[in-house]
Each structure stands twice: as structure tokens, then as C-alpha cells.
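One-letter residues, chain by chain:
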Amino acid sequence: MVIDIRGSRRRLFLTVLMVFALVGVFAVRLFDFQVVRAAELSAQSTERRTVPVTTYGVRGSIVDADGEVLADSVERFDITASPKNAKLDYTWMTRDDERVKVPTTEAIQAIADLTGADPNTLYTTLAANPESDFAYLKKEVTLEVFRQVKALEIPWVYSELHPARTYPSGAIAGNLVGFIGTEGPQAGTELDRDSCLAATNGTSTYEQSADGVRLPGSTVVETEAKDGGTIHLTIDADLQWYAQQVLAQQGTALGADSGTAMIVDVKTGRIMAAADWPSVDPNDPTGVDMGATGARVFSIPFEPGSVMKVATFAALLNEGKISPATKLTVPGIYTEGLPAGSSIKDSWAHGTINYTATGVLVNSSNIGTAILSKKLSLEKRHAYLEAFGFGTETAVGFNGESPGSVLPVAQTDAITNLTQQFGQGMSATSAQVASLYQTIGNGGVRMPLTLVDGCEWPDGTWTQKPGTEGVRVVSESAADTTVQMMEMTAQEGLIKDIIKIPGYRVAAKTGTAEVAQNGKYGDDRIVSVAGLVPAGDPQYAIVVSFTKPDTMRTSAAAAPAFTAIMKQVIKTFRITPQTKGAPSIPTTW
Amino acid sequence: MSDGHYLRGNLALARPMRPTAPARPEAPAPRRHLEVAPTRAQKRARPRLAHALIMVSGIAVIFLIQLALSFVLADGAYQIAGMQSTQRDLLREEEALHEHLELLGSTQNLTANAEALGMVASGNPMFLNIETGGVSGSHSKPKSLPDNLIANSLLDGSTVIDPDALAAAQAAEQAAGDTGTTTMPGSTPTTPGLLPSPKTH
Numbered sequence: 000m001v002i003d004i005r006g007s008r009r010r011l012f013l014t015v016l017m018v019f020a021l022v023g024v025f026a027v028r029l030f031d032f033q034v035v036r037a038a039e040l041s042a043q044s045t046e047r048r049t050v051p052v053t054t055y056g057v058r059g060s061i062v063d064a065d066g067e068v069l070a071d072s073v074e075r076f077d078i079t080a081s082p083k084n085a086k087l088d089y090t091w092m093t094r095d096d097e098r099v100k101v102p103t104t105e106a107i108q109a110i111a112d113l114t115g116a117d118p119n120t121l122y123t124t125l126a127a128n129p130e131s132d133f134a135y136l137k138k139e140v141t142l143e144v145f146r147q148v149k150a151l152e153i154p155w156v157y158s159e160l161h162p163a164r165t166y167p168s169g170a171i172a173g174n175l176v177g178f179i180g181t182e183g184p185q186a187g188t189e190l191d192r193d194s195c196l197a198a199t200n201g202t203s204t205y206e207q208s209a210d211g212v213r214l215p216g217s218t219v220v221e222t223e224a225k226d227g228g229t230i231h232l233t234i235d236a237d238l239q240w241y242a243q244q245v246l247a248q249q250g251t252a253l254g255a256d257s258g259t260a261m262i263v264d265v266k267t268g269r270i271m272a273a274a275d276w277p278s279v280d281p282n283d284p285t286g287v288d289m290g291a292t293g294a295r296v297f298s299i300p301f302e303p304g305s306v307m308k309v310a311t312f313a314a315l316l317n318e319g320k321i322s323p324a325t326k327l328t329v330p331g332i333y334t335e336g337l338p339a340g341s342s343i344k345d346s347w348a349h350g351t352i353n354y355t356a357t358g359v360l361v362n363s364s365n366i367g368t369a370i371l372s373k374k375l376s377l378e379k380r381h382a383y384l385e386a387f388g389f390g391t392e393t394a395v396g397f398n399g400e401s402p403g404s405v406l407p408v409a410q411t412d413a414i415t416n417l418t419q420q421f422g423q424g425m426s427a428t429s430a431q432v433a434s435l436y437q438t439i440g441n442g443g444v445r446m447p448l449t450l451v452d453g454c455e456w457p458d459g460t461w462t463q464k465p466g467t468e469g470v471r472v473v474s475e476s477a478a479d480t481t482v483q484m485m486e487m488t489a490q491e492g493l494i495k496d497i498i499k500i501p502g503y504r505v506a507a508k509t510g511t512a513e514v515a516q517n518g519k520y521g522d523d524r525i526v527s528v529a530g531l532v533p534a535g536d537p538q539y540a541i542v543v544s545f546t547k548p549d550t551m552r553t554s555a556a557a558a559p560a561f562t563a564i565m566k567q568v569i570k571t572f573r574i575t576p577q578t579k580g581a582p583s584i585p586t587t588w
Numbered sequence: 000m001s002d003g004h005y006l007r008g009n010l011a012l013a014r015p016m017r018p019t020a021p022a023r024p025e026a027p028a029p030r031r032h033l034e035v036a037p038t039r040a041q042k043r044a045r046p047r048l049a050h051a052l053i054m055v056s057g058i059a060v061i062f063l064i065q066l067a068l069s070f071v072l073a074d075g076a077y078q079i080a081g082m083q084s085t086q087r088d089l090l091r092e093e094e095a096l097h098e099h100l101e102l103l104g105s106t107q108n109l110t111a112n113a114e115a116l117g118m119v120a121s122g123n124p125m126f127l128n129i130e131t132g133g134v135s136g137s138h139s140k141p142k143s144l145p146d147n148l149i150a151n152s153l154l155d156g157s158t159v160i161d162p163d164a165l166a167a168a169q170a171a172e173q174a175a176g177d178t179g180t181t182t183m184p185g186s187t188p189t190t191p192g193l194l195p196s197p198k199t200h
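Chains as they are written, first to last, in numbering that gives the first Met the number 0: chain A, 0 to 588; chain B, 0 to 200.
Be aware that one or more of the hints could be misleading.
Only part of the chain A face toward chain B is listed, based on derived beta-carbon distances under 8 Å [to be verified]:
#1 PRO162
#2 THR165
#3 ALA197
#4 TRP240
#5 ASP280
#6 ILE500
For lysine to any residue, the following SDA-like pairs were computed, each having C-alpha atoms within a straight-line distance of at most 25 Å [what the hints assert, rightly or not]:
#7 LYS570/A - ALA174/B
#8 LYS83/A - ALA109/A
#9 LYS566/A - ASP146/B
#10 LYS149/A - THR85/B
#11 LYS566/A - SER139/B
#12 LYS138/A - LEU100/B
#13 LYS149/A - HIS99/B
Between beta-carbon pairs, the in silico distance windows are [claimed, not checked]:
#14 HIS99/B - ASP77/A: 51 to 61 Å
#15 PHE70/B - GLU143/A: 35 to 45 Å
#16 LEU96/B - GLU223/A: 22 to 32 Å
#17 LYS464/A - LEU96/B: 30 to 40 Å
No lab work stands behind these hints, which were simulated from the structure alone. Idealized CB from N, CA, C, for every residue including glycine.
Using the sequences and the hints, build the whole thing.
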């Protein structure tokens, strides 16, 4: 056998060459991986392993004085899909614990049945952009629905956490609580106190294995999620409900446009209820007119009418210009010092009457009030109105709150000079009127009106505590005397029979204000009753008003609602009966 | 095993010495001794092999331990992941139940249920003075509860108790109790003389 040495050498050479070439190729590739693209590839691999997650902070809740939850954060789930992975002809799903291959339309129907979505819309969503990897099927479903959808185990259906808001008490205090839209807080306390309630979302990452298991110890928190604080309102949700309920009943019966009711603790200025009718259900803000989405008690000023006389009398008493028994002669019409053609009249026609100052208040005589007002200069009376809080927003500072209006002294004409003393030619919100009665009931010290007790943070600390410093407006004796005159009004005035509560002494004043339209007073009225209970030692100030009632246009229209709310206040706060010591002041002479 | 190796090595080295063994019996020991002495390299080779074996087996053991550890760790990771997701699910469940409870506790729901059970609103405020036993305030006729007018779109009426169904369920329970279990003696709620309470209807 002859061995071809040259041939075998060549083969050897070629083999070695090939081996070297191969090694060379590998070396180049290795160099490329390990050096040239090392950083890029390493980043890519980390990205594949690393899962970024948003950790949600929980928005704080809004609770009433007893801790009853009015607004709460809840978890909802968005059902999403990957149209790219969904085949439009068939799909797999679990039905009755069995994996079955079904037409995709059947799977869509199953999702629609659970979520309440329209199956056609779902199909269109999937078919619209078949290359897309993401589409919303249904937003904000509850945990129960989410679990049922998950149990279908449709491979192209996913889900996302969606923090949401719920208002378990519905429209109770809806005017105060406000609501949240897709753009964030829209109204009320949700908006006003967002700095307390708002949570900050955090981010963290973890690494996962190929089968999606979170690798232990791989979680890196980049930013910590921060929960919001709890806002404690001063209101009593049950009392608020009752006030709203009464307003709704009476308002409907009267054919009124709207109604408000305020209950204020006179010693502290805390608002126990601030009711609006109609009022928004924050769960469904679109269910009412735009006008009803806020809190009219704070935002809509009106000419309050005769309930303002209490401020006038308290000022006159404080200045020593009158006593409850001051005698005056009240003519049937008053024109003194008024421009030609103008006059001040009472709500009923009468000749000359000999009233005491108390009689003027009891019978709500505009003429008598005008005569008495002249005992004090406009400047002083204006200063008193300002001191009582008119023309300035209350300490609540509610979103959209109105300061009402009191004309500056220089701009006050001869008519307004006197009419503003009985609540025409000036305007005030229900909150301001309640603040006036709080001041009178509290011995002349005006407390800052309070709606929020504070913000309680998750660590137990409190911020945003309200001011508790009162301001003396009139002397204690002037205030107490005013209460006595108001009690006479409750005993002998127009609505005495309606507001009588056996076993209790009540101080109250009615108001029937004409509503100005296009610069003229027309037939429309705002009727109101404001008062204090119990009259012997006032604890709560109550103001009820109805705007533009159709069936009855006197203050008697507001009296039943006032009485009902007052009874409820007595029951809620367990005010003990007291009948002794009721004043007796002559009203005529 | 290392003993076997050592023995085999000895025999291999002894083989060339055999022909000279019977020649002179006086001095066989020192010579043989010299001849069987391993070279320096051989001396070194023997422990090196043992070390290698120890090392190889050591590495194998380490690998085995590592594998076992990795098994345990992976198992733990799965366990942690599983428990974390269970915890999350339970928290969600708790929150959902809490949410439902808040809704059940809403004034609208309570009013609707009170009404369904035939409760009425009291009239004038009245108080019972425990010290004197006297009643203050004057009686007025209780009014039937007005329909709730304050909206709550979360309630759909499904949470209102049906008094008839409730009575039926109680009757059924009673019947089952009569035939099945006996009531405990002395546990009757009408034990006299313990707590005086006014009779109401």
C-alpha cells in the first residue's frame, strides 16, 4: 500500500486551517459579545428579567365626626386584551372547570356577560387594531367580576389594577364631599383637601425567572408609595341625611327650586350638617344639574330678608340705643329721607301701631326696623355687619365659597342704607346666616365656622387643624337679650304654632326675601327660618331656607322643615327639656 | 480505594528484584530495601493522586450541595411567590368585604331595612329620666318612615331584608330545632328579675 504523504499533509493542513478559522470566528463573536456590545446586551438581559411595578399609595378617606366613611378608596380592575394574540375565529377558555376550544365570539360573549359590556363593542375593539398588543375591554370592574373573568382563563385577556373611589353614603353630604373625575378631584372636600388626601404612587422593580416567578430578594424599591391622610369632617352623617331628607320632602311639596339647611354648634362653630337639596350623588355626578354638584350653602348668596334683623337688633342693643321695651310708633308707610317715589312697607297693610322694639322683631316690621336703625350711623351699622362676617367668606373657605355682598359705605344709597338692615340690598350665604346665629347664641362671640376637624396622617399625626379663636362682636348681655327677643318671636310670631316643640324653649326668626330679577323685585321669594335651641342656653343654631317656592311664599313654608330638623337635633344631641324661665316682654304699648 | 492503588504500586516496583533474591541470604535486606525505595517523583506522585481524588470528590459533593441548595431556594421562591399572591388576594378580599360592609351601613340602606321591618319614626323628643323614672316631653304619634329621598346609586335594593322570608326562615329554624336539638335549660331569655326593661311592641 502506498501512502500519499503529500495528500495527507494537505488534508491535515486544511483541517488545521478550518479549525483555526472556526476558532477565529468564535473568538470574534465572543469579543463582540463580551466587549463591543457587552453593556447593551447586559442591559437588555436585565430589562427582560426586571419587571417594573407601580406601587399605589392609597388616597385617604373622608369621614364624618363619628368616623362613618363618606369617601373611600377601593381597588378596581381594568380588563385588557392583546388583540395580537387573539385569533378571531377560535380560542381556548375554561368553562365548567374544563378547557374547551370555542369560537372567539363565544369567549367575548362570556366576558360581556360578566362585565356588562356590549359584546359587539368588545369584538370591534379586538378587530380594530389586530397588530396591537393592548386594548381596554372594560374599565373598573369589581373584584368579584375580575375573578370570574380571570377564571375563564382566556389566554389573550389580561388585567390591570385601577385604584378608584367609592362613596358608600351616596348623596349624603355629597355637596360637601365632592367627587373625583378622570382628571382628578373635581369638587368639594376632595378638591379642597387634596393636599391631605392625595397619595403618591411609588415605583419598584423585581427580577423574575423565565416562568415568571419573582426572584427572592430581587425587589428594589425606587420610590416609596405614600398613603394619603384621612379628612375628618365635623358633620354628623345621620343628621345630614335627615336634613337633606326633610329639605327634599318639603322642597318637593313647595315646588321650590332648591333648599339649604345648616346646623352649627354655637359653642365651637363646628358645622353639624350643611345640607343642600338637590344634592349630587358623588358615585354618579352626572345624575344632577351642574348647579347641584357644589355646595349652595357656601357658594350661592341670596338676599336673606328678615333673618338679618337679628344682626340689626343685636348691634342696637350692644350700642345701648334700644332696650327690648323701647317704645316706638310705626306708621303704615315709611318715606323719611328716601328719594321721591321710594318707600319702605311692611309685608302686611297696617295703620299706625305702637310697637316695642321686641314687637318690631316679633312682627318683623321693616318700617320699625328702619326707624330703629337710624339711631346708629351707617358707618357703625356697616362695621357691625362686617364684624358679623357679612361680605367675607367664612373660615371654612369651601371650594367656590362666596363672600356675599355688603355695599361699601360710600356706595350705599339712601334706600339700601336702611333695607340692608332687614336683609334686602345685601346678600349672604346660608353659612354666613348660620354664623350670625352662632354668634348670637354664643354670647356674642363669633367662632370660626368649621367643616374640617383636621387631616389625620397614617402615622397618627394631625395637620390642617382649624382655628378655635373666637371674636367678640357684641356683648354677652346684648346677645342674650337678642335671644330673648327671638324667643318672644317664636312664642308670638307668625309661625308660633308650627315651631312649637312640647317641653322645649326655642328662639327663632323668619325671613321672606324678595328675589331680584333684572334689577327689579318680582313675585319669587326665598323663605327662611333661623333659630337657636334650646333658647335658655343655646347649643345649636339652625338655618333653613327654600328658594322660589311655588305653593306658599311666606316664611311659614320653611317652618315645618325647620321644626323637623330642630326635633332631630334635640334627639341626636340629647338636649334635655326645659320650659322654665321663658321671657315675657310686651310687644306693644 | 487509595489503599488498592498503593498496593498495586508496590507490586509493580518489586517485580525486577526477584532474580537476585536467593543469591546471598546474609545481606538481602539492605539491598532489597534500597531497590524498593521509590524515586522522588514516585514519592510525590502517591499523595498527589490522593489529593486529586479528595478534591474531585469534594467538588462533586460541593456541586451536589449546591444543587440541593438551589432546589430548596427555588422551592422557597415559589413558596414565597405563592404566599405573597395569596396574601394579596386575601387583602383584596378583605377590602371588598369592607367596602360591602360600608355600603350596608349606609343610612339609606338602614332606613330601607328599618322600613321593611315595619319600624316607625318617633315623633316629639321624649326622655326617660332613670333617676326619677319620669318621662319628660310630650307624646306624639309616631309617623311611618318616609321613603328615602337621598340617592345612593350603589344600592340596588338587593340588600333590603324581606320580613316574610326572614319570618319563614326563622320558623323553619324553629321547626328544625324542635325536632332535632333540645334547648339548653336555664337559657330562656325571659328570666325574670334580672334586668327590668319596659315592654315595647
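Going down the list of hints, with the structure as the test:
no. : hint                           : result
1   : PRO162                         : violated (11 Å)
2   : THR165                         : holds (6 Å)
3   : ALA197                         : violated (19 Å)
4   : TRP240                         : holds (4 Å)
5   : ASP280                         : holds (4 Å)
6   : ILE500                         : holds (7 Å)
7   : LYS570/A - ALA174/B            : violated (41 Å)
8   : LYS83/A - ALA109/A             : holds (20 Å)
9   : LYS566/A - ASP146/B            : holds (19 Å)
10  : LYS149/A - THR85/B             : holds (15 Å)
11  : LYS566/A - SER139/B            : holds (12 Å)
12  : LYS138/A - LEU100/B            : holds (23 Å)
13  : LYS149/A - HIS99/B             : holds (21 Å)
14  : HIS99/B - ASP77/A: 51 to 61 Å  : violated (21 Å)
15  : PHE70/B - GLU143/A: 35 to 45 Å : holds (38 Å)
16  : LEU96/B - GLU223/A: 22 to 32 Å : holds (28 Å)
17  : LYS464/A - LEU96/B: 30 to 40 Å : holds (33 Å)
Hints 1, 3, 7 and 14 from the earlier list are contradicted by this structure; the remaining hints agree with it.
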